[in-house]
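**Q** Between the sequences and the hints, there should be enough to build the whole structure, so can you do that?
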Amino acid sequence: MGIIQTNKLVFEYIRRDEEGNAEGITRAVDEVDLDVKQGEFVAILGHNGSGKSTLAKHINAILYPTEGTVLVDGQDTREEAHVWEIRQKAGMVFQNPDNQIIGQVVEEDVGFGPENMGVPTKEIWERVEESLKAVGMYAFRKHSPNKLSGGQKQRVSIAGVIAMHPKCIILDEPTAMLDPNGRKEVIRVVRALNHVEEVTILLITHYMEEVIYADRVIVMDQGRAVMQGTPREIFSQVERLKSLRLDVPQVTMLAHSLQKKGVPLPDGILTAEELADALGYRKG
Amino acid sequence: MLRDITLGQYYQTESVIHRLDPRVKLTGTILYIISLFLFNQFTGYLVAALFLCVVIRLSKVPFRYMVRGMKAILFLLLFTMAFNLFLTPGEPLVQFWKLTITREGLRISVFMAIRLTFLIIGSSVMTLTTTPNHLTDGMEKLMGPLKKVRVPVHEVSMMMSIALRFIPILMEETDKIMKAQIARGADFESGNLVKKAKAMVPLLVPLFISAFRRANDLAMAMEARCYQGGAGRTKMKPLQYARRDYLAYGVLIAYLLALMLMKYVGSFI
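Protein chains in written order, with my numbering: chain G, 848 to 1131; chain A, 113 to 381.
The hints are simulated quantities; they were obtained by calculation from the structure and are not laboratory data. A hint or two may mislead.
What the hints assert, rightly or not - Residues from chain A that keep clear of chain G, each with C-beta distances beyond 12 Å, as calculated: (1) 158; (2) 193; (3) 209.
Unchecked claim - Calculated pairs, DSS-like style, for lysine-lysine (alpha carbon to alpha carbon, straight line, at most 25 Å): (4) A:349 x A:375; (5) A:349 x G:989; (6) G:1014 x G:884; (7) G:980 x G:1031; (8) A:307 x G:994; (9) A:260 x A:347; (10) G:969 x A:347; (11) A:347 x G:1014; (12) G:969 x A:172; (13) G:1089 x G:1108; (14) G:1031 x G:1014; (15) A:253 x G:969; (16) A:259 x A:172; (17) A:288 x A:310; (18) A:349 x G:980; (19) A:253 x G:989; (20) G:1108 x G:1031; (21) G:1031 x G:989; (22) A:288 x G:994; (23) A:260 x A:349; (24) G:969 x G:989; (25) A:375 x A:347; (26) A:349 x G:994; (27) G:994 x G:980; (28) G:1014 x G:855; (29) G:855 x G:884; (30) A:347 x G:989; (31) G:980 x A:347; (32) G:989 x A:172.
C-beta: ideal position from N, C-alpha, C; glycine also.
**A** Take a look at the structure:
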């Protein structure tokens, strides 16, 4: 059984007008079935308002399903007794790095989670050291978070989650507010965690370039999981993605256009190297 | 411009006073301030001055930093002095126009000035040698017993440390909003006080909205990291008394004893 499992998950909220009267009901998540295995790297794609963040908040027991169930490591998020255990097992990294750093010193922020869990002092220090090293921020441990770049702040947030020793990490658009360099830093760290530490990763994003490393991609639209497959399978359906208002990576787009013009190329090219190879231009 | 404001006034250096437990410094400062009002003889002030000088010396903070705090209360100081000088009844010393300076008035106003000066410098020593973080930790620990009478000690100290973390962020944001409004023709500089206050509205509204949004996000992030209040929480950097802290308490007691002795001696002079 997978580490994260949702069965026919539905989440509805009531839309209200300015006076607070109910206007109608919106289904933010509509019958989503998800099954993420231990050690897997799953990416969820979707444009704004597709319900991907709402889905993510269910896994950390911040939101509770209207219908259906969410199981994290076999525990139902709706059972109150399990909430804290679930939050420890499924760590969450949010979009805005400034709004999730609590400590005034990097190391204190990383220690915040373990402190809340009641980990003994000596072990907190060990965990902080190990997590800061895992994200390559150990040299900054005594710095104030205000002086760091966006990418560095986000790596500190990730370290803060790792220090709680979660089984999986959910990243809710962690790169949306970062510059291209910061984005690369964060994605590199996430991939390393998945490869080296074998942490299950659920990456929510609308940047296509970030999902090509995932084991599996799920595309969401209007609260439904509309496409599912390996990045290659997903990106070979360029027209379908466009109709969902999603951009395909530039290289894939180029390959697709060439293909349409009659250049013989395979479907779903993801990187520049692959395209060069396919065109026979790669020099040894 | 806004980013220049530093919070607290911590002066970074290595000294015995810096390394003391914040609880020692807090109790020390409070006791010192109380002690200033306990005596009325010059001998007592000698002891208090000596004690302060030794502490300042040990703290390795340049003296001008201590005096900086004085500027803020200079007006208050002169005001208090003037009132005490002219309005205390007693044996007249000097008399001109309608004002009389009495012997008692002179004595009280000088004492008052010395007290206020020592009080400000004394508390400056604490804020200059303790990081705001440490100070909050110290307060939480010192107020610990109040938890039994349902004072939310942990919550208050958590709020203080979050405020400290967010002040620079909100400052930066204010700066950003201000620039955005200026770019669209807002005028924050000219006009009288009322006009200036009115000009702040388009600055404060977006700032408040963003502050609430941040608070909401932060609360969610804290809960996601298993924050459930003070109960069952461990500390990464627990406060622990070292030998030097007990020693400092000893010195503090010695100072109070010396004061009492001086009071006794002073009563004969």
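**Q** All hints are to be evaluated individually against the structure, with a verdict given for each.
**A** Structure-based check of each hint:
1. 158: holds (40 Å)
2. 193: holds (40 Å)
3. 209: With a cut-off of 12 Å, residue 209 of chain A remains clear of chain G, as the shortest Cβ separation is near 57 Å.
4. A:349 x A:375: With Cα atoms ~41 Å apart, residue 349 of chain A and residue 375 of chain A exceed 25 Å; violated.
5. A:349 x G:989: holds (13 Å)
6. G:1014 x G:884: holds (11 Å)
7. G:980 x G:1031: holds (18 Å)
8. A:307 x G:994: violated (36 Å)
9. A:260 x A:347: holds (20 Å)
10. G:969 x A:347: Judged against 25 Å, a Cα distance of about 10 Å means the pair holds.
11. A:347 x G:1014: holds (24 Å)
12. G:969 x A:172: Since the Cα atoms of residue 969 of chain G and residue 172 of chain A sit roughly 32 Å apart, the hinted pair is violated (cutoff 25 Å).
13. G:1089 x G:1108: holds (18 Å)
14. G:1031 x G:1014: holds (23 Å)
15. A:253 x G:969: Roughly 20 Å between the alpha carbons, so the hint for residue 253 of chain A and residue 969 of chain G holds.
16. A:259 x A:172: Violated, at about 36 Å.
17. A:288 x A:310: The hint holds at about 19 Å.
18. A:349 x G:980: Answer holds: residue 349 of chain A to residue 980 of chain G is near 20 Å, not above 25 Å.
19. A:253 x G:989: holds (23 Å)
20. G:1108 x G:1031: violated (33 Å)
21. G:1031 x G:989: Holds: residue 1031 of chain G and residue 989 of chain G sit about 24 Å apart, inside 25 Å.
22. A:288 x G:994: This hinted pair holds, its Cα atoms lying about 17 Å apart.
23. A:260 x A:349: holds (24 Å)
24. G:969 x G:989: holds (18 Å)
25. A:375 x A:347: violated (44 Å)
26. A:349 x G:994: Distance of about 22 Å is within 25 Å: holds.
27. G:994 x G:980: Between residue 994 of chain G and residue 980 of chain G the Cα gap is close to 19 Å, so the pair holds against 25 Å.
28. G:1014 x G:855: Holds, at about 23 Å.
29. G:855 x G:884: Answer holds: residue 855 of chain G to residue 884 of chain G is near 18 Å, not above 25 Å.
30. A:347 x G:989: Holds. Residue 347 of chain A to residue 989 of chain G sits at ~17 Å (cutoff 25 Å).
31. G:980 x A:347: At roughly 21 Å apart (the allowed maximum being 25 Å), residue 347 of chain A and residue 980 of chain G satisfy the hint.
32. G:989 x A:172: holds (22 Å)
Hints 4, 8, 12, 16, 20, 25 from the earlier list are contradicted by this structure; the remaining hints agree with it.
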